[in-house]
Amino acid sequence: MSDFLQHVINGLSAGTIYALVALGYTMVYGVLKLINFAHGDVMMMGTYVGYASALQFKQRGGFGMASVLAIFFLSMAACAAVGWLIERFAYRPLREKPKLTALITAIGISFAVSYGFQMDWGFLPGPNPRAFPEVIRRQPWLTLLDGEVTLWNWQVISFAVALGLMAGLQYLVFRTRFGRAMRAVSHDHRTAALLGIHTDRVIAVTFMLGSALAAGAGILFAIKDVKIEPLMGTQQGLKAFVAAVIGGIGNVPGAVVGAVLLGLVEEFVVGYTASSWRDAVAFGFLILVLLLRPEGLFGRVTAEKV
Amino acid sequence: MRSLLPALLAAASLLAGCEKKQPAQAPAAPATPELKAPAAPPPASDVILLGEVGSLTGAEATFGQSTHEGIQLALEQANAAGGVNGKKLEVRVYDDQGKPEEAANAAVRLINQDKVKLILGEVASTNSLAMADKAQAAKVPMVSPSSTNEAVTQKGDYIFRVCFIDPFQGYAMAKFARETLKLQNVAVLQDNKSAYSTGLTGVFQLRFAEMGGKVAGVESYSKGDTDFRAQLTALKKAKPDGIYIPGYYTDVGLIARQAQELGLKAVLLGGDGWESEKLFELGGSAVDGSYYTNHYSPDSPNPATQAFISAYKAKHNGKVPDSLAALAYDAANVAVAALRKSKSLEGPDIRDALAQTKDFDGAAGKLTLDEKRNATKPAVVLKVENGKAVFAASVSP
Numbered sequence: 001m002s003d004f005l006q007h008v009i010n011g012l013s014a015g016t017i018y019a020l021v022a023l024g025y026t027m028v029y030g031v032l033k034l035i036n037f038a039h040g041d042v043m044m045m046g047t048y049v050g051y052a053s054a055l056q057f058k059q060r061g062g063f064g065m066a067s068v069l070a071i072f073f074l075s076m077a078a079c080a081a082v083g084w085l086i087e088r089f090a091y092r093p094l095r096e097k098p099k100l101t102a103l104i105t106a107i108g109i110s111f112a113v114s115y116g117f118q119m120d121w122g123f124l125p126g127p128n129p130r131a132f133p134e135v136i137r138r139q140p141w142l143t144l145l146d147g148e149v150t151l152w153n154w155q156v157i158s159f160a161v162a163l164g165l166m167a168g169l170q171y172l173v174f175r176t177r178f179g180r181a182m183r184a185v186s187h188d189h190r191t192a193a194l195l196g197i198h199t200d201r202v203i204a205v206t207f208m209l210g211s212a213l214a215a216g217a218g219i220l221f222a223i224k225d226v227k228i229e230p231l232m233g234t235q236q237g238l239k240a241f242v243a244a245v246i247g248g249i250g251n252v253p254g255a256v257v258g259a260v261l262l263g264l265v266e267e268f269v270v271g272y273t274a275s276s277w278r279d280a281v282a283f284g285f286l287i288l289v290l291l292l293r294p295e296g297l298f299g300r301v302t303a304e305k306v
Numbered sequence: 001m002r003s004l005l006p007a008l009l010a011a012a013s014l015l016a017g018c019e020k021k022q023p024a025q026a027p028a029a030p031a032t033p034e035l036k037a038p039a040a041p042p043p044a045s046d047v048i049l050l051g052e053v054g055s056l057t058g059a060e061a062t063f064g065q066s067t068h069e070g071i072q073l074a075l076e077q078a079n080a081a082g083g084v085n086g087k088k089l090e091v092r093v094y095d096d097q098g099k100p101e102e103a104a105n106a107a108v109r110l111i112n113q114d115k116v117k118l119i120l121g122e123v124a125s126t127n128s129l130a131m132a133d134k135a136q137a138a139k140v141p142m143v144s145p146s147s148t149n150e151a152v153t154q155k156g157d158y159i160f161r162v163c164f165i166d167p168f169q170g171y172a173m174a175k176f177a178r179e180t181l182k183l184q185n186v187a188v189l190q191d192n193k194s195a196y197s198t199g200l201t202g203v204f205q206l207r208f209a210e211m212g213g214k215v216a217g218v219e220s221y222s223k224g225d226t227d228f229r230a231q232l233t234a235l236k237k238a239k240p241d242g243i244y245i246p247g248y249y250t251d252v253g254l255i256a257r258q259a260q261e262l263g264l265k266a267v268l269l270g271g272d273g274w275e276s277e278k279l280f281e282l283g284g285s286a287v288d289g290s291y292y293t294n295h296y297s298p299d300s301p302n303p304a305t306q307a308f309i310s311a312y313k314a315k316h317n318g319k320v321p322d323s324l325a326a327l328a329y330d331a332a333n334v335a336v337a338a339l340r341k342s343k344s345l346e347g348p349d350i351r352d353a354l355a356q357t358k359d360f361d362g363a364a365g366k367l368t369l370d371e372k373r374n375a376t377k378p379a380v381v382l383k384v385e386n387g388k389a390v391f392a393a394s395v396s397p
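These protein sequences, in sequence, are chains W and B. In terms of our numbering, the first sequence is residues 1 to 306. In terms of our numbering, the second sequence is residues 1 to 397.
Among the hints, erroneous ones may be present.
[Stated by the list, open to error] Chain W stretches covered by chain B per the calculated footprint, using a threshold of three residues with CB under 8 Å from any CB of chain B:
#	stretch
1	1-15
2	56-64
3	129-139
4	175-182
5	229-242
[As the list claims (entries may be wrong)] Straight line, CA to CA, 25 Å or less: simulated BS3-like cross-link-like pairs of lysine-lysine:
#	chain 1	residue 1	chain 2	residue 2
6	B	LYS155	B	LYS115
7	B	LYS388	W	LYS58
8	W	LYS58	B	LYS115
Keep in mind that the hints were calculated from the coordinates and are not lab data. Glycine residues also receive a C-beta, built at the ideal position from the N, C-alpha and C atoms.
For reference, chain W alone in the conformation it holds in the complex:
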C-alpha cells in the first residue's frame, strides 16, 4: 500500500513538471500552429538564469520569500526576452512560408541552443552538470502511513503552481480582450489582421508568455531534480510535447491532464513492470490515444478549411 501511494505521489510530481512545460507548448501551438521544438531549450536557458541569480542571492546570505520570487521573476523575464528574439528573428520571417520550414527552423534553434550551451566560452556554462542551490528548503509537508510515505513541500508548491497557471491561462484565453485576439489569430490570422488585430504583436506576446512559463517550469524542475545541464531541455521538452498531444494540442487543461496522465503511466510502468519499458509504454500510450482519438483527449475536431 505504501509503495502504491508513493508511486502516485512520484507520478503526480513528475507529471506536474511535464504539465508546466506542456502549457507553453500548447499555447504557442494554439496561436501559431507551430510546434516550437526549441521550447525545452528555452526552459533550460531559464533554469541557468535562475541558477546564476540564485548563486548571487546565496552569496548575499540565503534565500527568503522575496529572493525566491526574484529568482523566478529574473529568469522568466530573461526567457520572455529570448522568446521574443527567437520569434522576431527566426519565426516571423518564415510566417508566410510552408509550415515545414518553421518546424525545421525550430529544430535548428533547439540544437544550436543546447549544444551552444555546452561550450564554455564567456557566459556559456559548458557541458558539466551543476547542482541547483536549494532555494526552497526541503521539508516534509505531510507524512503518511507511519512515516513510510512523505509528501514534500516543493511537490505541493509545484502542483499548486501548475494548477494556478492553468486556471490563469484559461482565464486569459477565454475571458480577456487579449485572449479574444489570440483566438482570432489562431482561427485565421489574415482575417484577424483585416479586422484590425495587430497579429504580429499578439503572436510575439504569446511567445513571450510561453517562454516565461518555460522558465518557471525549469526552476521548479531544478528544485525537484537538482541537476541542471545543457541537454536537460531536450528530454523534458519531448515528454511535454507528448503530454500536450495526448491532451489535445492547443488545449490548456488538456495539456495538464495529458502531462499528469503521462507522469503516472511512466511511474507505474517502472514501479510494477520492468523499468526499461518506461519509454516504450509512454510512447505506446501516445500512439494509442492518437489511434482512438486523433484530436487528443480534450481536443476539438476542426473541419478542414478549403
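Mind docking chain B on chain W? Use the hints.
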C-alpha cells in the same frame, strides 16, 4: 578573444583531417597543428624513445594531462637512476583530443615515423582499442595505464595493461559488501545503456549470491534521467540493506538524494565511475556513508604509494595525484623494468619481458600481469565522508 583560439585549432584540425583521407600508406597526418612542426630528428643512439598517446585537449583533457604527468615523473626517476643500460629514456607524446581516430593516427605516426620501442596509452577504452590494432600489427608493445574494458588486451599478445578489468571491480565490491559490511540483501540499480554498468551488475549479482548474500532486485535507468524515484520506490519494497549503483557520478548524485528523500536507509555502493568532485556537489550530504571501488587512494598506507605521492607533490607544488597519474606512473615503470630485463630492444623481446612482470610494487598496488596481459592487483574501497572520499579497505583478488 579567448574564444578565437579553440575555433582556429578546430578549423586547423579539420583541415588536417581532410589530408589524412588520401593515400592509405602515407604517414598519418599530425593530430594538431603544433605537432605539424618539423619532423622530429631521429633519436641519438644513446636514447630509447617511447611513445605516448593521450587526450591532452578535448572534453577528457584532465585524463590525458594527469597521465602525462605520471609518465614524465616515472621517466625522470628512471633516467636519474641511470636509464636503461646506460641509455636515456625519452617520451614523444601526441594529442588525440579524446577521439579514437586521432588515437589510431597518433599510434601509426609513433610506429612508422618516430620508430618508438613501446607505446603508453590511452585512458579511454575506445581509444586504446583503436590504437591496439595498429600496435599489434606492427608488433610494437603497448601498455595501457587505465583502460578497463576487457576487449583491449584481447586485441593481441602485444597489448598489456596495468589496471584491473571491469569484472574484478564487481567482485571486489561484492566481497567488501558481504565480508566487511556484512550486508544480506542488496538491490542493484544499473544504467542499462552502458556496457560498463550492466557488466558490473552481472558480476556483482553472481558473486554476491555465491558469497551467500541475496540480490533483492535489479532496476534500470538510462543515462541522463533525472528522476529515479519510481525505481527507488520499487526497490524500497524489498527492504534492501544496500544498493549497488554501478553508474557514473552525474546520475549517482541524484540517485542518492532521491533515495534519502524516499526514506531508503540502505548503504549505497558503486564503482570507479563515481570518481569525480561533481559527485559531492550533485549528491550533497546524501552520498555520505557510501562506498565505491577504485584503483588507488592517496590515503593508502602502501609505502610505494606514499613514495609516489611525495615525489609527485614535490614536482607539482603539492598537488595530490589522481588515480590516472598513479596508473600512468605504474605503466611507465613497468615498461622501464621490462626494457631493462629485455634481451634486446626488438619488439618481441620487450614483449616477452613485459609478459614476465610479476609482483611489481606499483603506486596503485602490487601487480602481476597474467597470461591474458591484464593486471592482477588489489582494488581499494573508498568511503565518502563529509564530501570527501577516504580510504576504507583494500580488496585482493
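Hint check results:
1. 1-15: holds (count 7)
2. 56-64: violated (count 0)
3. 129-139: holds (count 4)
4. 175-182: Violated, because only 0 residues of the stretch 175-182 of chain W bring their Cβ atoms closer than 8 Å to Cβ atoms of chain B.
5. 229-242: holds (count 4)
6. B:LYS155 <-> B:LYS115: Status holds; Cα separation ~21 Å.
7. B:LYS388 <-> W:LYS58: Holds, because 23 Å separates the two Cα atoms, which is no more than 25 Å.
8. W:LYS58 <-> B:LYS115: Violated. LYS58 (chain W) to LYS115 (chain B) sits at ~57 Å, over the 25 Å cutoff.
Hint check: violations occur at hints 2, 4, 8; the rest are consistent with the structure.
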